[in-house]
Amino acid sequence: MSAASASEKAPRRIDEATSEPAWVRRLLIGIALAFLAVFLFVPLVAVFVEALKKGLDVYLAAISEPDAVSAIKLTLIAAGISVPLNLVFGVAAAWAIAKFDFRGKNVLLTLIDLPFSVSPVIAGLVFVLVFGLQGWFGEWLRDHDLKIIFALPGIVIATIFITFPFVARELIPLMQAQGNEQEEAARVLGAGGWQIFRRITLPNVKWALLYGVILCNARAMGEFGAVSVVSGHIRGQTNTMPLHIEILYNEYQFAAAFAVASLLAFLALVTLALKYWVERNAASRRQVAASVEAVPT
Amino acid sequence: MLLSRALLKRHSVLPGFDLALGFTLLYLSFFILVPLSAAFLKTFTMTWPAFWSAVSAPRVVASYKLTFGASFLAALVNAFFGLIVCWVLVRYDFFGKRFVDALVDLPFALPTAVAGIALTALYSGNGWIGRWLPFKVSFTPVGVWVALTFIGLPFVVRTLQPVLEDLQKEVEEAAAILGATRWQTFTRVILPILAPALLTGFALAFARAIGEYGSVIFIAGNLPMISEITPLLIITKLEQFDVPGATAIAVVMLVAAFLMLLAINALQAWTRARQGR
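Each protein sequence line maps, in turn, to chains A and B.
Residue numbers for the first sequence follow my numbering, beginning at 1 and rising by one.
Residue numbers for the second sequence follow my numbering, beginning at 1001 and rising by one.
Careful, some of the hints might be misleading.
[As the list claims (entries may be wrong)] In the SDA-like style, the derived pairs of lysine to any residue whose C-alpha atoms are separated by at most 20 Å in a straight line are: (1) Lys1169(B) / Val24(A); (2) Lys53(A) / Gly1127(B); (3) Lys105(A) / Arg169(A); (4) Lys105(A) / Gln1268(B); (5) Lys206(A) / Val107(A); (6) Lys1065(B) / Met1046(B); (7) Lys53(A) / Gly1130(B); (8) Lys105(A) / Leu1025(B); (9) Lys1169(B) / Ala1180(B); (10) Lys275(A) / Glu184(A); (11) Lys1097(B) / Ser19(A); (12) Lys1065(B) / Val1142(B); (13) Lys1009(B) / Lys53(A).
[Stated by the list, open to error] If you want the ones that stay clear, here's a sample from chain A, every Cβ over 10 Å from chain B, calculated: (14) Leu56; (15) Ser64; (16) Asp145.
FYI, nobody ran anything at the bench for these hints, they're computed from the structure.
We put the CB at the ideal spot given by N, CA and C, even for glycine.
Okay, chain A solo, but in the shape it has when bound (with noise of 0.2 Å):
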């Protein structure tokens, strides 16, 4: 590049300046990839290479006898219990949050997140401490034949503490970015609240809503901790997915407990994939309202 002549030059000075020589580059780049590689690529690959390791015959059918369905089952069922409850939940939140100005907002953004800072077993052990037959409502709940606790009703509750915060935390900083000029707008010409909502701040909020329920329906599908304190492992009964992958590997059959951590994984994968998807819209969206204001009229 020596001959180059001066004008192309004096930009590139600039550019050494405030970056680092690519010798340094490709150092960092390769750390980077290597630590990556090591602790969340390889780790990915061995659950589909184990899976498959003995062959697809055993991996079909370690997914589909009858245990393992009823894994899948129930996991369904809970997540499809947990993540619309927790979907209305995180659209009132951000709601009264995102929307108006009132006091104690900051102590109740700071309860929503608490679950993210308990340990899962202890999210398990505390319904355990209100529902379990030496709990509060232990033996009203025996008296009236009510099982909460191992049982469907507590490995959606557990659940629904665990994956409380995530539609609700998507939405708020977004909604609170976007004002309400919109909202009240609407609301002088005469729309109603009902109205207001569907027709003005959902659209607008339609993509972190999407990315909040897949992220919530992932660790909803993927809880162990808390469920498997409240379960009971009753095999065929109370076990989810996690928990059948869990007796699966203790027995041994890891084959098997592969198999159907590989459904979990592909799972994962396909949140990721929605997520990248729904970043790169939001992102377009952005860059086409900017290109629009720059547009002089």
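Assemble the complex: chain A is given as a structure, and chain B must be docked to it using the hints.
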């Protein structure tokens, strides 16, 4: 009507405040606050000596040391490599960058039990990684550290990324013009700007690691006094029907978690102040 009159600072033309906040508070109380308070109320029924002996037995103290020690080391390693990963993702272009960027979130999306058995298989004596290492990883405290490093990885990268993206090129140009070497610019200009976010990411990874259960129990081997983490000890006590003992340890962990939450909130406020928002 009651909520809006008591709490709203400003009248708003938008409807739905009472309904939205009322539902939020009810849902929050039922699923989070009341159950958590049950843990604290349960320990009040214990005598002080019983509580103290439950939370300070040698086996329990050994589990605290392992849990907090391994979590701290894992968060430290994640802070170091997370900074490099984030730097590379924001500043450089290379083949497969988008794929790598998406992959960083894997520990958020992959169920912990799946991560647990995968890591155990990799690091066991004849596993893909374990066979090349001169020391044992699976079924030792090192295994606990490996699992906690895995699950804490995205926190540092995702906390740093927006801050590094917002960093004005001008400050680096100014430093270069004033005669700073690239290393000086990094340590004296860039790093101080990133510090609050880096510390927040570290704290988030640490807090997550303390409570982690699923990814650890497979690789840890769970030997009492050596590789037994505190959340597992809580489950062990529960399975032995020692509910008060389990609850007492849980309360210690909850207090630690709340302190971490306060520290993280303070750090995030500091990050925002640094960024001038």
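Consistency of the hints with the structure:
no. : hint                    : in the structure
1   : Lys1169(B) / Val24(A)   : holds (19 Å)
2   : Lys53(A) / Gly1127(B)   : holds (13 Å)
3   : Lys105(A) / Arg169(A)   : holds (14 Å)
4   : Lys105(A) / Gln1268(B)  : holds (16 Å)
5   : Lys206(A) / Val107(A)   : violated (27 Å)
6   : Lys1065(B) / Met1046(B) : violated (25 Å)
7   : Lys53(A) / Gly1130(B)   : holds (18 Å)
8   : Lys105(A) / Leu1025(B)  : holds (12 Å)
9   : Lys1169(B) / Ala1180(B) : holds (15 Å)
10  : Lys275(A) / Glu184(A)   : violated (31 Å)
11  : Lys1097(B) / Ser19(A)   : holds (18 Å)
12  : Lys1065(B) / Val1142(B) : holds (13 Å)
13  : Lys1009(B) / Lys53(A)   : violated (63 Å)
14  : Leu56                   : holds (20 Å)
15  : Ser64                   : holds (19 Å)
16  : Asp145                  : holds (22 Å)
Hints 5, 6, 10 and 13, counting from the list given before, are not met by this structure.
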